[in-house]
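Construct all of the structure, not just a fragment, from the sequences and the given hints.
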Amino acid sequence: MRTHDTGRAGLSAIVTAPVHVVMGILDMPLRRLQRVGGTGGMAAFFLMPNMLIFGIFVLLPFFINFAYSMTGGTALFLPDRTFVGADQYARLFDCRSYVDPGSCVEDTFWTAVWNTAAFVVLQVSLMILVSLVTALILNRDLAARSFWRAVFFFPVLLSPVVVGLIWKWILQRQGLLNFGLYGLGFDPYVWLNDRNWAFAATIGVSIWAHMGFYTLILLAGLQAIPKDLYEAAEMDGTRPARAFWRITLPLLMPNLLVVVVLVLIRAVQIFDEVYVLTGGGPGTSTLYLTQYIYETGFAAQLRNPGLAAAASILMGAVLVVLTLVQLGLGRSGEKKGGRK
Amino acid sequence: MKKTRTMLAALAVGLLASTSALAGDVRIMWYSDGVEGEVLKDLLDRFMKENPGINVILDNVAYSVVREQLPVQLEAGAGPDIARVTNLKAQSQHWLDLRPLVADPAYWDENFGAQADWMRPDGSNQISGFMTQITLTGGFANKTLFDQAGVAIPGKDATWDDWAKAAKQVAESQQVPFAMALDRSGHRLTGPILSYGGNYVGADGKPAPLDQGAKDFLTKFVGWIEDGTMGKDVWVSAAGSTYRAAADDFINGQLVYYYSGSWQVPNFSTKIGSNFDWVATGSPCGPANCTGMPGGAGLVAIKYTKNPKEVAKVMDYLAREDIVKEFSERTLFLPAHKGLLAKGLDFKTDDAQAKAALNTFVSATGSLSELAQKLPGWFWSDTFYGALVTRVSQAAAGEMPVDEAFTRIDADIAAKVKDSGL
Numbered sequence: 001m002r003t004h005d006t007g008r009a010g011l012s013a014i015v016t017a018p019v020h021v022v023m024g025i026l027d028m029p030l031r032r033l034q035r036v037g038g039t040g041g042m043a044a045f046f047l048m049p050n051m052l053i054f055g056i057f058v059l060l061p062f063f064i065n066f067a068y069s070m071t072g073g074t075a076l077f078l079p080d081r082t083f084v085g086a087d088q089y090a091r092l093f094d095c096r097s098y099v100d101p102g103s104c105v106e107d108t109f110w111t112a113v114w115n116t117a118a119f120v121v122l123q124v125s126l127m128i129l130v131s132l133v134t135a136l137i138l139n140r141d142l143a144a145r146s147f148w149r150a151v152f153f154f155p156v157l158l159s160p161v162v163v164g165l166i167w168k169w170i171l172q173r174q175g176l177l178n179f180g181l182y183g184l185g186f187d188p189y190v191w192l193n194d195r196n197w198a199f200a201a202t203i204g205v206s207i208w209a210h211m212g213f214y215t216l217i218l219l220a221g222l223q224a225i226p227k228d229l230y231e232a233a234e235m236d237g238t239r240p241a242r243a244f245w246r247i248t249l250p251l252l253m254p255n256l257l258v259v260v261v262l263v264l265i266r267a268v269q270i271f272d273e274v275y276v277l278t279g280g281g282p283g284t285s286t287l288y289l290t291q292y293i294y295e296t297g298f299a300a301q302l303r304n305p306g307l308a309a310a311a312s313i314l315m316g317a318v319l320v321v322l323t324l325v326q327l328g329l330g331r332s333g334e335k336k337g338g339r340k
Numbered sequence: 001m002k003k004t005r006t007m008l009a010a011l012a013v014g015l016l017a018s019t020s021a022l023a024g025d026v027r028i029m030w031y032s033d034g035v036e037g038e039v040l041k042d043l044l045d046r047f048m049k050e051n052p053g054i055n056v057i058l059d060n061v062a063y064s065v066v067r068e069q070l071p072v073q074l075e076a077g078a079g080p081d082i083a084r085v086t087n088l089k090a091q092s093q094h095w096l097d098l099r100p101l102v103a104d105p106a107y108w109d110e111n112f113g114a115q116a117d118w119m120r121p122d123g124s125n126q127i128s129g130f131m132t133q134i135t136l137t138g139g140f141a142n143k144t145l146f147d148q149a150g151v152a153i154p155g156k157d158a159t160w161d162d163w164a165k166a167a168k169q170v171a172e173s174q175q176v177p178f179a180m181a182l183d184r185s186g187h188r189l190t191g192p193i194l195s196y197g198g199n200y201v202g203a204d205g206k207p208a209p210l211d212q213g214a215k216d217f218l219t220k221f222v223g224w225i226e227d228g229t230m231g232k233d234v235w236v237s238a239a240g241s242t243y244r245a246a247a248d249d250f251i252n253g254q255l256v257y258y259y260s261g262s263w264q265v266p267n268f269s270t271k272i273g274s275n276f277d278w279v280a281t282g283s284p285c286g287p288a289n290c291t292g293m294p295g296g297a298g299l300v301a302i303k304y305t306k307n308p309k310e311v312a313k314v315m316d317y318l319a320r321e322d323i324v325k326e327f328s329e330r331t332l333f334l335p336a337h338k339g340l341l342a343k344g345l346d347f348k349t350d351d352a353q354a355k356a357a358l359n360t361f362v363s364a365t366g367s368l369s370e371l372a373q374k375l376p377g378w379f380w381s382d383t384f385y386g387a388l389v390t391r392v393s394q395a396a397a398g399e400m401p402v403d404e405a406f407t408r409i410d411a412d413i414a415a416k417v418k419d420s421g422l
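As given, the protein sequences belong to chains A and B, one line each in that order.
Per full-length UniProt numbering: the first sequence = residues 1 to 340.
Per full-length UniProt numbering: the second sequence = residues 1 to 422.
Hints listed in this document are in silico derivations from the structure and should not be mistaken for laboratory results.
Careful: at least some of the hints might be erroneous.
[As the list claims (entries may be wrong)] As a list, the in silico SDA-like pairs of lysine to any residue whose alpha-carbon atoms are at most 20 angstroms apart:
(1) B/Lys418 / A/Gly85
(2) B/Lys89 / B/Ser363
(3) B/Lys418 / A/Leu76
(4) B/Lys303 / A/Leu76
(5) B/Lys232 / A/Leu327
(6) B/Lys89 / B/Gly123
(7) B/Lys418 / A/Cys104
(8) B/Lys418 / A/Phe93
(9) B/Lys89 / A/Ala299
(10) B/Lys232 / A/Asn196
(11) B/Lys418 / A/Gly297
(12) B/Lys232 / A/Trp197
Written out as structure tokens, the structure reads:
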């Protein structure tokens, strides 16, 4: 009878055998390549498959999208489209005043821009605050700590469409919230028909759905901070608030920076759960940039892929700038920290 | 080792089969308003037994998939082999000409010729497919609520104002949230607009700016949403041209008067059952006429199919008089088949309300305006509908005055015409 360990060793041999065979075949050409090109070239050689996939699936679509943004017409096949230069960009920027979407030719684009800006400012600040507070609490010696961690992480596992549907069932006219309010003697209220409540709901729901992921990153950062730093601070009589500002926050900064960048990118791209929850309404009060791009490029009758592509290029440019600013701030913070 | 190879081979075949059409495969993209998906599956199972060499795959999808994703697939030269669509004219360049492929083109011309132009490129004699049902927009009233409120249901020639007044009275009396609702759809808005004398078609055949008739009804409509006569949830709840129906509110007894169309009859018959009494009321009248909007879904062959002969065979089968008869009688849809309409149908339902509703819609076809009959075959209809929905919603949500909405509708449509290069 074969033992368990013997079986595992057998399995390992089956898995590694092909690798040995491949490496055996590649060994001689790789050595020759290294002799000719040096070791520096080897890195490029091994990066090539990855770069190829990245190029085909990321860079190439980016350039194709850029090409689309320079074309007009309703056809989808690029060679069938007419070259219009920067006309689509000019149309997006054709405004008397950028702060008044009503004065723009593409008024829904600017409505979406300002809605997205408001969403990003509020959602990113609240998301970081809530995730940080949750991570700090979950880092303490709580009873059933693993259970609470799972509870906060659970919504991350749900599809955004499911998240949108769950909250729609809660907030709609005959939803759970109104059922509860009615039971308590209050008049039901149509939350999703109210501009302010609908906007707040999109922020709240997106925080609920994704905070678990960011909490997890911050929790990992908190657990990497050596405990003896806090013990030493406690012996010196440092108060917990001061320990937070002087020890926790500076040492958590690399994780926080990652979280800020990720939250920011995700907030600018918000679409799926909001599309299901409010459909961009009431009116256009929760119409965000990604929905505008989707509607213009795909859902509208006689769609305009060129205009949608131009709007998506602008959105991408804003994201790149924001990310660079974040990284720049992070690096300058690190340098300052180093001087101290 | 042999077992592993067999499994890998099976996996490879499975993957290939899941991603590409095999010879003899015919894939149909289908959406359902009621039970018609089940009926079609039944009919196709019989077809496959009779034609073992043809494998018909029925993809049941949401209407929004047909509306939003199919056009993109078609533009990319892909998609299913057959699809059930409502946006027939504007996409007609993607339909396959079945004339050289079907067994008897004269049968198609004779029985489906009246609507053939709705789904063919202008100026051609192409056979693209056939209408699975002819629909007509019209109203439904919750009779039980009217009876309980002691309010008489407005008569045949009642105006939109009469219905608004009566429905509001019933809603207030019976404490239901919605007096009236009209689907969030440009097609649905168009019936009443035409009854107010509106006309979308310019002298050159291209879209004209909104005229006084259209403005009059739209002003009234937005006013009804603002004062709560018309349900706010349907029109204010989404941005863009997203479709929203109020059928569930009517089915749940939350709505007194619902303006939708004949395709709701089987849905109501199945879902309302004996919960309350309801009646179809035809289209209310405006100053110009009492027209509804005709339409329907067409089953069309897609020209990018790799199996055109098999597609034609499936289409010939589904367009056969006995099959159309069975499909219509079991789904409670009005067929487009001329011969069948002349012979009459025996709808398979014990629901007297559904039968009466279907008869109401049949008699309402007599009051259709000339323009209403022209619009399903007009290239720019959907462009007009999309702009109407987007801007009227914004006005209804209080984002812009109704006059500005009119200006925006005209500008949106003009931009679309310019973008199209036509």
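Against the structure, the hints come out as follows:
1. Restraint check for B/Lys418 and A/Gly85: the C-alpha separation of about 16 angstroms stays at or below 20 angstroms, so the hint holds.
2. Using a Cα cut-off of 20 angstroms, the hinted pair B/Lys89 and B/Ser363 is violated, with the two alpha carbons roughly 26 angstroms apart.
3. Annotation: proposed proximity of B/Lys418 to A/Leu76 holds, straight-line Cα distance about 16 angstroms (limit 20 angstroms).
4. In summary, the hint linking B/Lys303 to A/Leu76 is supported, as the alpha carbons are separated by about 17 angstroms, within the 20 angstroms threshold.
5. Proposed proximity of B/Lys232 and A/Leu327 is contradicted: the alpha carbons are some 46 angstroms apart, above 20 angstroms.
6. Proximity of B/Lys89 to B/Gly123 is assessed by CA-CA distance (about 12 angstroms); at most 20 angstroms being required, the pair is judged to hold.
7. Restraint check: the Cα-Cα separation between B/Lys418 and A/Cys104 comes to about 18 angstroms, which is no more than 20 angstroms; the hinted pair holds.
8. Of the pairs offered as hints, the one joining B/Lys418 and A/Phe93 holds, with about 18 angstroms between alpha carbons and a cut-off of 20 angstroms not exceeded.
9. Our distance criterion of 20 angstroms between C-alpha atoms is met by B/Lys89 and A/Ala299, whose separation comes to about 17 angstroms.
10. Taking the CA atoms of B/Lys232 and A/Asn196, the gap is near 16 angstroms; set against the 20 angstroms cutoff, the hint holds.
11. Of the supplied pair hints, the one linking B/Lys418 and A/Gly297 holds, its CA atoms being roughly 16 angstroms apart against a limit of 20 angstroms.
12. At most 20 angstroms may separate the alpha-carbon atoms for a hinted pair to count; B/Lys232 and A/Trp197 meet this at roughly 16 angstroms.
The structure does not agree with the numbered hints 2, 5 stated previously, though it agrees with the rest.
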